[in-house]
Amino acid sequence: MIDFSMYGKKKPEVCAHKCPGCGKLYYPAPMVCDDCHERRDPAGVEHKRWEKVSLSGPCTLLAWTRLFALPEGFDKKYLLFGIVEFENGLRASGNLLVDQPETNMKLTAKVDVIKEDLGEEVFGFQFVAPE
Amino acid sequence: MGRKVAAVGIGHTVFGNLSEFDLVDVMGYASLNALDDAGIRGKRDLVEQVFVANMGGGIINHQTGIASSLVSRIGIEPAMAELVENGPASGASALKVGYMAIASGLVDVVMVTGGELMRTITGWKGTDFVATLLHPEAEYKYGLSLPAYGGMFTRMYMERYGLTERELGLVAVKDHQNGEKNPYAHVRVPCTIDAIHDNENAHVINNYVAEPLRLYGMCPVSDGAASIILCAEDSPKMKEFTTHEPIYISGISSATDTHCVHNRKDPLILDAVRLGAEKAYKMAGLTAADISFAELHDAFVILELAISEEVGFFERGTSKDALTRGETAIDGKMPINTSGGLKSKGHPVGATGVSQVFELVKQLRGQAEKGRQVKNPKHGMAVNFGGFGNNVVTTICSRGGV
Amino acid sequence: MIDNELEKKLRPPQLDLKPYPPKIITLANGEEMIVREVRRDEVGILLGTVQPLMGVQKDFYDIVAARMYAEILGWFTYRVANEFILVGVIDGEIVGIVNSRLVDEKEGMSFHTIAVKRGLRIGAQLFAAKMEHHIEFLGNEEVHIVAESPIGFKRWMIEYELEDRTDQYPQLRHELGGIPTYTLTRPLYDAVKSAKVTGTRPVPPEKLASADNLKMPKEYPQIPGFKRGES
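Read top to bottom, the protein sequences are chains A, B and C.
My numbering numbers the first residue of the first sequence as 2 and each following residue consecutively.
My numbering numbers the first residue of the second sequence as 12 and each following residue consecutively.
My numbering numbers the first residue of the third sequence as 47 and each following residue consecutively.
Accuracy of the hints is not assured; some may be wrong.
[Unchecked claim] Stretches of chain C that chain B covers, calculated by requiring three or more beta carbons in the stretch to come under 8 Å of a beta carbon on chain B:
(1) 62-76
(2) 115-129
(3) 162-171
[Claimed, not checked] Far from chain C, by Cβ distances over 10 Å, these chain A residues were calculated:
(4) Pro-13
(5) Pro-29
(6) Val-33
(7) Thr-61
In short, the hints are calculated from the structure, not lab data.
Glycine included, every Cβ here is placed at the ideal spot set by N, Cα and C.
Could you build the full structure based on these sequences and the hints that come with them?
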């Protein structure tokens with residue numbers, strides 16, 4: 002079965018990966034479950050593919066920085082970054098779009114274009130103030 | 012624990028901007044300094060195996076097969092030669108592999124040379140290059156870099172333990188005091204706490220780089236190389252090395268941690284540092300209290316403090332008090348970063364781990380420059396921190412008979 | 047002998063500039079750098095400071111030094127309508143020089159920045175002082191900037207968020223070679239001022255007096271083994 006959605010506009014999402022053995026969620030995806038040792042097969046041939054679970058929504062800011070030492074390709078004065086914890090306990094790093102952040106503040110993780118790479122939009126986490 | 016392994020020759024280049032030179036020439040220069048120090052320049056065929064530590068030759072310098080190139084450049088073919096890459100901990104990893112090669116009985120004499128030329132590209136490209144060790148999807152693509160994790164780690168630490176920006180500044184002041192006296196150091200200009208913190212101009216002179224880390228909270232980007240020659244104590248070849256008192260690798264180990272920083276249960280706990288150090292202590296039959304001085308990987312000044320707690324020199328959250336009491340200064344109870352550390356000496360990533368052990372050997376031989384020689388040291392420890400703490404190598408060196 | 051009539055015709059009408067009030071900055075190593083404007087009678091010391099760097103074929107010192115040398119002479123011999131030169135001075139010794147001029151009262155034209163002493167970000171402080179003079183004391187609305195060093199230029203572009211005015215060529219051409227021209231506007235300056243511009247005023251008289259008799263540098267980190275008189 003050809004996945005025709007590949008030819009359309011990419012869905013802006015970042016996914017956690019669910020172990021089919023025990024249901025534990027991971028972000029980013031490992032090759033084996035820490036708890037039940039179930040393997041992940043990205044091709045889904047010899048072992049199962051793991052279910053992808055869209056990851057976004059309410060989260061808490063654990064750590065943040067305003068970074069002036071940006072790598073090549075990010076020609077800006079600075080960018081803000083943070084590490085957040087979601088309600089399901091998963092954590093992620095990403096861009097922080099709050100100008101005066103405070104540790105432990107409540108945020109919303111949305112997924113949007115974070116940069117363009119060879120004309121392709123690259124999606125990733127943006128942590129914003131909840132509406 | 013296998014055979015006893017001695018460091019019998021050490022070599023170093025200046026750290027700084029060496030972008031006009033060739034990578035293998037720079038490594039070769041440090042290697043020949045080590046051969047000269049060991050007194051075997053004319054008997055280079057004693058070296059059976061070379062391990063080269065380098066992180067970015069393939070990316071920055073567009074050069075591969077560096078270990079093969081080096082043996083040929085310094086005329087020690089047919090010595091065996093391999094490259095060891097472990098990010099910014101490549102240097103200590105190469106030493107560990109060198110130790111393993113001797114301990115296994117495969118060879119008796121090993122040369123370990125670490126080197127990096129990072130100034131041939133711009134700072135932005137250099138930051139990008141080091142950031143390639145982060146997780147490509149979950150970290151790197153966002154523009155996150157090592158300084159970003161340094162900044163976030165620093166903020167978490169400050170919020171938990173009440174560390175101040177002034178105390179962070181004091182780490183730099185101490186490191187620069189030592190580095191000023193080290194002829195190999197990249198930044199040999201001292202800094203004062205008034206100028207980088209207290210003064211009304213300080214916020215501009217010492218600007219933020221990754222809040223709350225400022226310019227004087229980060230190491231410079233450096234070029235350079237360091238080299239160490241190791242020999243099995245029980246080898247008949249040991250009698251060829253008569254120029255210096257042998258210094259022994261009494262403990263060497265490493266440990267890893269999660270690739271993504273966010274996946275650590277408590278991101279302030281550096282498992283790879285603690286577990287690596289515990290194994291090294293056990294191997295050496297020592298405890299933290301036995302260590303006379305240490306070289307700790309202060310790519311960001313916070314790491315000097317956090318590592319010093321993780322290896323057991325101080326209780327968590329109290330290293331700042333030891334710092335302000337002067338205990339980590341050159342004449343204190345536990346001198347830290349006597350070479351100037353990465354902060355002042357510089358951080359050519361592949362060279363750093365070898366350079367740290369170079370410093371241990373120099374101090375243990377009693378050969379450090381005036382004003383930065385630790386008094387009668389017996390055991391020195393080096394912690395070489397790869398990734399953001401996801402692969403950390405700990406080395407303990409000791410004088411013989413202690 | 048100079049033909050005074052002809053010479054008069056050659057000289058552009060002079061635009062007098064308001065003076066730059068001196069300031070003092072404590073550098074990271076604790077040394078105090080005084081930033082002040084230079085006088086015409088100090089040109090010989092400036093030229094003597096710059097000249098050895100014309101032979102340094104690294105980090106663009108040769109071209110920046112050669113061009114600055116000519117620009118200083120141009121000012122001294124009245125070949126430009128106006129120009130100002132600021133120096134950084136530590137213990138009476140010159141550690142860095144910046145120069146610049148005005149197109150008119152609204153527009154500034156930034157020339158060069160040279161740091162003799164290294165590792166203390168003297169170039170960055172002097173460049174900021176130059177922008178401070180343009181916007182705050184000379185009242186310019188914008189300053190046009192290019193640079194010899196691509197790395198230095200990119201740093202300024204990013205850190206000051208300079209506006210790219212390259213598309214306004216040929217109406218707007220930088221005097222150092224046309225395009226690309228980037229511009230620091232007053233709002234951009236105001237946005238970075240607190241992070242970039244520092245220094246204390248007024249300079250205590252005894253400290254200002256220490257910078258009264260400028261001395262050429264004794265040493266150049268760029269020129270190992272340099273001895274004055276032998277270059």
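Hint check against the structure, violated hint numbers in rising order: Hint check: 2 fails alone, others pass.
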